[in-house]
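As you go down the protein sequences, you meet chains B and V in turn.
Quick note on the UniProt record's numbering: the first sequence kicks off at 1 and runs consecutively.
Quick note on the UniProt record's numbering: the second sequence kicks off at 1 and runs consecutively.
Treat each hint with caution, since some may be false.
The following residues of chain B were derived to be distant from chain V, with all beta-carbon distances above 12 Å [to be verified]:
#1 Thr38
#2 Phe106
#3 Val135
#4 Tyr216
#5 Leu242
#6 Leu249
#7 Met300
Covered stretches of chain B, going by a simulated chain V footprint (3 or more residues, C-beta under 8 Å) [said to hold, decoys possible]:
#8 59-68
#9 76-90
#10 138-145
To be clear, the hints were calculated from the coordinates, so they are not data collected in a lab.
Predicted model, so just to flag it, every value in this text is computed and none were measured.
Quick reminder that beta carbons are idealized off the backbone N, C-alpha and C, glycines included.
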Amino acid sequence: MWHELPLVIFTIAAQMSVGSFVVLGIIQLVNWNTPQRTLDKVTMPALYAIGPLLVFGLAASTLHLGSPMRAANALLHLQSSWLSREILLGMLFAGSGALFAVLQWFRWGPHRLRQALALITAVLGLTLVYAISQVYSLRTIPAWATYATPLRFYITTFLLGGVAVAAALVVASYVRRRRGGEPDPEARALITRTVQGIAFGGILALGLKFIGQPAYLSYLGTEGSAAAQATLELLNGKYMWLSAAQNILIFAGVVGLGFLLFRMARSRGVSRLLPVVTVAAFVLVLSGEFIGRLLFYATMVRIGI
Amino acid sequence: MEYKQLGFYFDQTLCTGCKACSIACKDKHDLPVGVNWRRVPEYSGGSWLVDESTDTATNTVFTYYTSISCNHCEDPICATVCPTQAMHKGANGIVSVDPDICIGCRYCEMACPYGAPQFNPDKGVMTKCNFCADRIEVGGTPACVASCPSRALDFGEIEDLRARYGDQASIAPLPDASVTQPNLVVTPHAMAEPSGSRNGHIANLEDI
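Isolated chain V (complex conformation) (with noise of 0.2 Å):
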């Protein structure tokens, strides 16, 4: 299948932060512990609000969780500074790794507000999404689309998606959509932040 610019969509009114996603690009990809082009932060925040008058306490607590891996970004801040031209932006707009020229410096990594390129230590070199180009190829879907027990995770032409799902993708804890337009689109929670809020937290850091 030939596509113009392939994109993501996710929702996170459906997802239950159960990261068969994560697994199944793991698994399709053979990725090293430690290596995960897929991942689920979960984002947290919220309080208590005491009324004295009635004696009551209500909670404002939320968590929520985003499934992210690459957005094939407009601007891949990841290509732009990298300093081989390992990292590209090729067939159906998706951003790939060239292993044969990529010298393993990791400044994408340092660069990417998504943290999509993961150096892989047995190899020497970045790896990261591509956004499983070789099922896309023949007309197939990625292995965390498929996978999504919730069918929270949709693919396709990001024309298309933005026509059917809106243009939002400036959710916490993504960074604003403006500083590398990322080929993404997202359905908020109803609890879910802006983008850069200091509202809440990712509490699974140890996950990501």
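Excised from the complex, chain B in its bound form (with noise of 0.2 Å):
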């Protein structure tokens, strides 16, 4: 099960990496009357953390070439290939991405230029999603040949991106006050909005997620073909305590985050847990991803031979 590693890293780097771009902007967006120095303080440096984490998950996906010396002959095939694309996709989103974080880190040009920019960006790291969830939908391969994957992809995207922006902006600002910076209870409230805003939309995916899941289940077990009767087994026989353990380290996850919610929303002020609930967040979330991202293609099996 660990063969298809560099590409269980490279999708869930990308995913990952293209929510986070995302949620930084539904941030930027949804606090438009906060001043620009409070949001920018907050949002910046988790939006220099993407750069790397995409690289990293680029430069994992060469790892599983037999050849990877001329890897930029993977853009030859535009016209039907959707791994061309993928890879195109997700090099216009690093561009892109870099070249709004130098402009951003500068302040060179006006802001509204930047701020479409990052629209772009944003546009181009979702595509790179669906680009991702296409190459997998293969029509040999029931399993993956379904809505489920393009959804499956699209609440990694925004889940692991939000439990990432969250325990990033947390961190930031724990580093900030550890360094003696000035207390400022305008970035702090931001903060707090927004791991409280995060952990909301977390309930809401892990709440999609668990209805697509008996869905897809049931798919597999209707669609009639061999190899979709084989998957099923895979996922019930062989691979069901991995299958309970990355629903439950999700499931911890974002209802860790949902009792901070709670416990916020009861007591004013920041409470002490916050730093620690947001990082677990993120790292149950990201196990659980992690595992179900090793077996969607561990529990892979082609029609035919």
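Dock chain to chain to rebuild the complex, using the hints, since each chain is given by itself in its own frame.
Here you go:
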């Protein structure tokens, strides 16, 4: 089950990057009336963490090539191969995101232009996630050639992106405080509000996941082919415990965040639990998604031989 | 020799599962351990029926073999999904890999329902049946066809093969022919199951 590890790392890193970028954009939009200075102070460290993550993912993806030296050939079949399109979109998303980060860092160009670039980057990223889903929607693999594949990947994108951003914001704020930064109640309030929003969004994503999963299993059971049946048997047999572990980890992470949301709604002021719970939620959801992605590849059964 | 579209013919009623075709292919193309362009899955199934009134049991147990390499499909999914165009349909309708372009991503291997494209770790690229193109060029016979002691394999212009042997290729464990439109004709075994059947299984997974 480990032989597709480079692809597990690539798809998770790419989806987490896209999700984080989009969630950061949503934070900027939702808090339009918060001073830009506060917004930037809170969100920028997270933005600069996305670059290394995406580069790490793209680098991991070349590890599964037999001839990585000519990896650039992967762009030669855009007219029919989703794999070519996936690589192109990955590079466009990385390039556009890098340009945005540089402009933002040096405050180059008008604010509106930078915003437009951020929007383009977000659209490229969401298209990249769709392209990844189409790479696996092969007509010879019934377990993958279904709406469940793009749905699954978008849920991972938003869920993982959300908890990653929540953790990044909280950690960055902790670092600022440790370095003796001035207490900034406005920034603090923004972070608390954001983590609450992400926890709420996470619960919605979890709900979607827990509706989608039985629907997917029943699709496998009724699709009719021996291949779909074999995938179902792997999920319910050999990989039953990993399947359960995946759900428990993600559930624990999201519900942990939700618990925090509930606590904070009752007691005004920032809970001391905020950093611990947020980072733990990220680690739990990441582990769950990692196991889920390992299983995605391990339960692949093709029609034929 | 020039052909419009080459294809293989295989007679399940004659095959004994001896795998001479696999070995002839391996020898001809000098394939390393683990790379087998032609393979012979053994498809088995069936059960016992007990008749209480006569206290007897009869079986419906079956096993049959299918020698399979690449079918040089009309709609080759390997070439469609290949990100480099290294996998392509060329002279005589043969689907082959250009080893100077292939990056060894193994996506064709993931997509092909016949297991035809195979990764060669020494070369870092995909390899597959090339219909013994060098032999075809001089009017010869592919190594697998020439080696079969039961004469279960044949090759030729697919139109001729279909005129002679019919157009069946949707036999388990092979996928339905509509998926990639293989240039393959199969004469089914008496107990043959249709593609996608859940009544049997490949009994020699370690061989293929």
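**Message:** I'd like to know which numbered hints this structure contradicts. Please list them from smallest to largest.
**Reply:** Numbers 3 and 7, in rising order.
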